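Novice: Each chain, letter by letter, is given below.
Protein chains: 2
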Amino acid sequence: MKQTVGSQSISFKNPVYILESASIVGKKEGDGPLGQYFDLIGEDPMFGCKSWEEAESTLQKEAALMALGKAKVQKQDVRYLFAGDLLGQLIASSFGLVDLNIPLFGLYGACSTCGEALGLGAMAVAGGYGEQVLCVTSSHFGSAEKQFRFPLEYGNQRPLSATWTVTGSGAFLLGSTETKKTRAKITGYTPGKIVDYGIKDSMNMGATMAPSAADTIYTNFMDFNRMPEDYDKIITGDLGKIGQVLLIDLLKEKGFDISKEHMDCGIEIFNGEEQDTHAGGSGCGCSAVTLSAFILKQLEEGCWKRVLFVPTGALLSTVSFNEGQTVPGIAHGVVIERR
Amino acid sequence: MKQTVGSQSISFKNPVYILESASIVGKKEGDGPLGQYFDLIGEDPMFGCKSWEEAESTLQKEAALMALGKAKVQKQDVRYLFAGDLLGQLIASSFGLVDLNIPLFGLYGACSTCGEALGLGAMAVAGGYGEQVLCVTSSHFGSAEKQFRFPLEYGNQRPLSATWTVTGSGAFLLGSTETKKTRAKITGYTPGKIVDYGIKDSMNMGATMAPSAADTIYTNFMDFNRMPEDYDKIITGDLGKIGQVLLIDLLKEKGFDISKEHMDCGIEIFNGEEQDTHAGGSGCGCSAVTLSAFILKQLEEGCWKRVLFVPTGALLSTVSFNEGQTVPGIAHGVVIERR
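Protein chains in written order, with this note's numbering: chain A, 39 to 377; chain B, 39 to 377.
The hints are simulated quantities; they were obtained by calculation from the structure and are not laboratory data. Just so it is clear, the structure is predicted and the values come from calculations on it, not from any experiment. One thing to keep in mind: the hints can contain errors.
Same chains, same label: a pair holds when it works inside one copy or across any pair of copies.
Restricting the straight-line Cα-Cα distance to at most 27 angstroms, the calculated cross-link-like pairs of lysine-lysine (DSSO-like) are [stated by the list, open to error]:
1) Lys292 to Lys113
2) Lys238 to Lys184
3) Lys51 to Lys335
4) Lys271 to Lys218
5) Lys290 to Lys271
6) Lys40 to Lys113
7) Lys40 to Lys219
8) Lys271 to Lys335
9) Lys40 to Lys218
10) Lys238 to Lys290
11) Lys110 to Lys40
12) Lys184 to Lys290
13) Lys65 to Lys184
14) Lys51 to Lys40
Extracted from the complex, chain A is given alone in its bound form (with noise of 0.2 angstroms):
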């Protein structure tokens, strides 16, 4: 059963449910503009734990938990576990999911992860893969910061241009068959080509990965035969206040106009300015708890009734970015629309 369309995308012949999600954030997440939609937020940074990776790890487990939790459903129920971060080697997955002892899909998009474990994971539910399958993805400031850039001790300076990584986890059921809690029905997919220009600037990741987001968006207008406004919003994962800017230039030289539409989790999770999280949030949590806790939560009341998801990933470590490497980037793009 063909379930292509255009040059790159993917529509579901069924659509895929979002059968249930959860969310859990740390403290400054809390304190912001959405800190009232998260189902639960962190007081203690570490999550109680010794180190920021397992702090990492246990936010996945207990976002896990909850998602399964809130549906009623045992972990032996769910065929397959689709899930990533931003640690070398995944480690926050690894160690925060062993547990749950589900078959595992270890996934690696930078931010864009997201995307592609709801992505995969709707592929698998709609291919006859499994009933119920879980995305779960995370990130945790002090895990990124020790990963990409200082120890917190050092307390360097952040160019305006960088963004603050989001401490936090998103899960998502998804299933073949609708319940009555059902959250909202993925019915396409555009995964993502890496998009380089050339930009090495690891300081200034919304300028990294607008590009490709741009690619991605106008290659699902193409694929889907849509305009912006077949869109209530289109949302980005974590391009910030400068990439949203670069976005919607780049996508305007290609014939759209997505300033009326265009939404970043980014510049939604933080009051830059007075939480000094300066272009916006970031990292593979930042996109999944907004999901989870806001964008879902519209969906299901009606504001809106389709969106495109298109989380955002600036493809860099440590060692290309200090071998002199540029910065390339990647989305993947999620239809999600109102049950």
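Following the hints, put chain B in place on chain A, whose structure we already have.
Specialist: Relative to the frame of chain A, chain B by itself:
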């Protein structure tokens, strides 16, 4: 269309064909027992590049292009890429595959990634998400030592339980329609769970991965209602000589004797005593190049009719190791049959 079988496996309603493949390795691998089978042996470990990481990226790119070239398939006719490597943030894959301009699913399953990529690639094809997809994985001795161990210049002693990371990349073009040159077919898949026996010795990867290999192989027997003799070979990725003994013992405890059928790519690829590689070869490239060069050839020539290909991965990073964490394992089992 339900394509599941048993507790966690997939039985493809229509087989997915391995249309073509390619293997590129380094000099040491070329000097080993399988040397005559590889498509290309690079005399220069840097493959003309300035860093180990760029060399590994080049390996991936050339293996991918060679598989396409042998199949006479243009890159624009490949719907999706499924790729991964061992390096933090998958930089070998990102920088190696960017020029292909094909939508990418970045994967991480440590040295099991070849099994994860073939499994998800086959799921995509059999799910109707594309006529042809490409699965690519790699590893490089230099980049892996730098990532996980010591600077090469330090010349540290390695215990006899240690493995030697294979320099190599394997690429596999999967498709829904058989061609004259089709190498083999994928008929089933058992994605693996993380299994953690609490082992903390990163210099004994065989021991850390054997329990997960045993779990995946046992589950495959149960799900497909098969016995060891239903496979001509049961082929693990890189358990090495110590892991092999443990795997056979663990499965004997569960009532299955695979000692006749078992083979390990890591043991086959080097002549351990002459080549000073201790327990065997390892890395995402080890199972990938052995599959492309040797295993598929045996299937083509009719020596074997059906094999269970089980790449094995050790889930650790230097951060998790230095923080005193265990080294859990994961193994993905792919059922490959003569066309």
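Novice: Please write out, lowest number first, the hints stated earlier that are contradicted by the structure.
Specialist: 12
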